Amino acid sequence: MTPTIEAPIRARLGGPLKLAIPRGALWGETLDALDRIGVETSEMRGESRSLVFSSDGLTLVTMRPSDVPTYVEAGAADVGITGKDVLMEQADRTVYEILDLAYGACTMVLAGRQGDESLGESERRLGGMRIATKYPRIAERYFEETGRQAEVVEVKGSVELAPLVGLADGIVDLVATGRTLKENGLEAREEITTSSARLIANRVSHKLRAAEVDDLVERLRSKGGG
Amino acid sequence: MIHPIPPGTRDILPDEMRELRELQATLIGVFERYGYGQVATPTLEYDEVLQRGEGRSGIGAYRFFDERGELLALRSDMTIPIARLVSTRFADTEPPMRLSYVGNAYRVIRPQRAQVRQFMHAGIELIGSPAPEGTAEVLEVLSVALDAVGLNRAVLGLGDADLYRQLLTELGVEGEARGRILDRLAEHNLVGLEVEVDGVEGLDADGRETLLRLPGMRGGAEVLEQARDLGGAAVDRATQRLQATYDGLVERGVADRVQLDLGLLRDLGYYTGAIVEVYDPALGHILGGGGRYDDLLGRFGRALPAAGFGLYLERVHLAQAEEERFMRERSADARARDSATRRGPEERSVSGGGR
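Chains as they are written, first to last, in this note's numbering: chain S, 503 to 728; chain H, 1078 to 1432.
Next up, chain S with everything else stripped away, as it sits in the complex (with noise of 0.2 Å):
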């Protein structure tokens, strides 16, 4: 682990504790797990277009979820939502990783074209395999742990594209029933990690606002897991 230095950014700790939460995939199960908690979340769930809402004492804070540990992080939120798979990809991010909320639970997979074997040939023949993902980083580490060299090719969007139209041999990419990969006639070849939601704090707010914090956890915990 290298210490760096952050330049810092004006978050200030003060007034009701602030959770950021993820929009996506991991939007209604983070809600319900907040009802569990009896934070009221209806306003949340209805035609609203804000960003910010207070409920039963906290101040909820709506983002992607590839953005909540770069909030965190710098304080402008005390603590956030967020899954395992984001928290790896940034894993240079300083954030505290408190509690496994156990909701929204994926397993990250090689993927290649059922029935078509380019991934093994491409490793044998050219020397390595075209890989696209929208986790590079999780990919590149992947490959070099299991000691094989890939070409690996950042995308944004629906990642199940690019062996289809041959930009890649295969894919990394997060999975919950498999249903994509299948409609898309892709299939996992390999389990590289599994992944589930996350709480993670901010390292002076988890110090500064201990009790509030803590109080945060044990009741995610003892109630809010999916």
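Just to be clear, a hint being listed does not mean it is correct.
Label-pair restraints from in silico Cβ distances [to be verified]: (1) H/Ala1298 <-> S/Glu653: 52 to 60 Å; (2) S/Trp529 <-> H/Ala1398: 50 to 58 Å; (3) S/Arg525 <-> H/Leu1148: 45 to 53 Å; (4) S/Trp529 <-> H/Asp1260: 51 to 59 Å; (5) S/Gly659 <-> H/Ala1263: 49 to 57 Å; (6) S/Thr695 <-> H/Arg1242: 24 to 32 Å; (7) S/Glu685 <-> H/Asp1260: 33 to 41 Å.
Hint data in this document are derived by calculation from the structure and do not stem from the laboratory. Keep in mind the model is a prediction, meaning the values are calculated, not measured. The beta carbon of each residue, even a glycine, is placed where N, CA and C say it ideally should be.
Given chain S, put chain H in place with the hints provided.
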């Protein structure tokens, strides 16, 4: 014409420079008052000399060759150069020695992360004064310095760098598992910690509970009591060390702003015993830190116990500005409340009418 400068560096213009200079002068004034004499060391050092101090966790330093092919490095903190200076220039001086510094240090950055390559560090080193007395002195100077620059709300987190190393030895956790557990603790990844702890063969339920509960314990003096209840010789020794330091801080009148934190681990490799981090509610990042480094000077040939702290000046400056704004807003609120109570309700109702 626009001429770029490297990312992670910046120019300082007169208004900011004036405030930074004032901040430095205030800090140096406090250090002088406690008998700490200011020293300066070169920005460049031989890489080999810095490596000697760093131990296991190498800091990302900028390295390059000079005209003779010697490997040089830009200093990545101030403590190691001062350890070198003490063993070389003060080889026969009777301890304790009290030294202070203000200077730039340099670390490699990752792109697009708003990290800085160059940062200003100010702090003190107390060489030759053992725990707990030496630690308490250093923390008193830190506390007085924070007040002097207007950060009256700043908190000192106080922990023990040896706690987990000794605890794992006591529990018989060795080899790779030990390294992985220490890594998870340093990252403060409590989810990963539980996975690693559950993977250790032959660890009894008490040992498991101690390893999983200790890192979350932080607060006032009651924390030491709670930790002791978990039992074990390593926890006992660490809480005794912390208690002794804390008692010293009570005597010096600075215990109020100290948060005892059994989950604290600093990522620099040379710390032993007490470690400290500085927090201010105005900022989401730590303002600085320090602790004891009783083995570091021995690596340079003059074995002396030592402790110190360093503050990141740009962050302290930003926290000052935020604290000033906070105080202004608070007094504006108070004035508004005040005038609302002074005026009667009837008067208030017409005051909106544009008199």
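Hint-by-hint comparison with the structure:
1. H/Ala1298 <-> S/Glu653: 52 to 60 Å: Check passed, 57 Å falls within 52 to 60 Å.
2. S/Trp529 <-> H/Ala1398: 50 to 58 Å: violated (36 Å)
3. S/Arg525 <-> H/Leu1148: 45 to 53 Å: The hint (45 to 53 Å, Cβ to Cβ) holds, given that S/Arg525 and H/Leu1148 are roughly 49 Å apart.
4. S/Trp529 <-> H/Asp1260: 51 to 59 Å: At 32 Å between Cβs, range violated.
5. S/Gly659 <-> H/Ala1263: 49 to 57 Å: violated (36 Å)
6. S/Thr695 <-> H/Arg1242: 24 to 32 Å: Once the Cβ atoms are compared, 29 Å apart, the range 24 to 32 Å for H/Arg1242 and S/Thr695 holds.
7. S/Glu685 <-> H/Asp1260: 33 to 41 Å: holds (40 Å)
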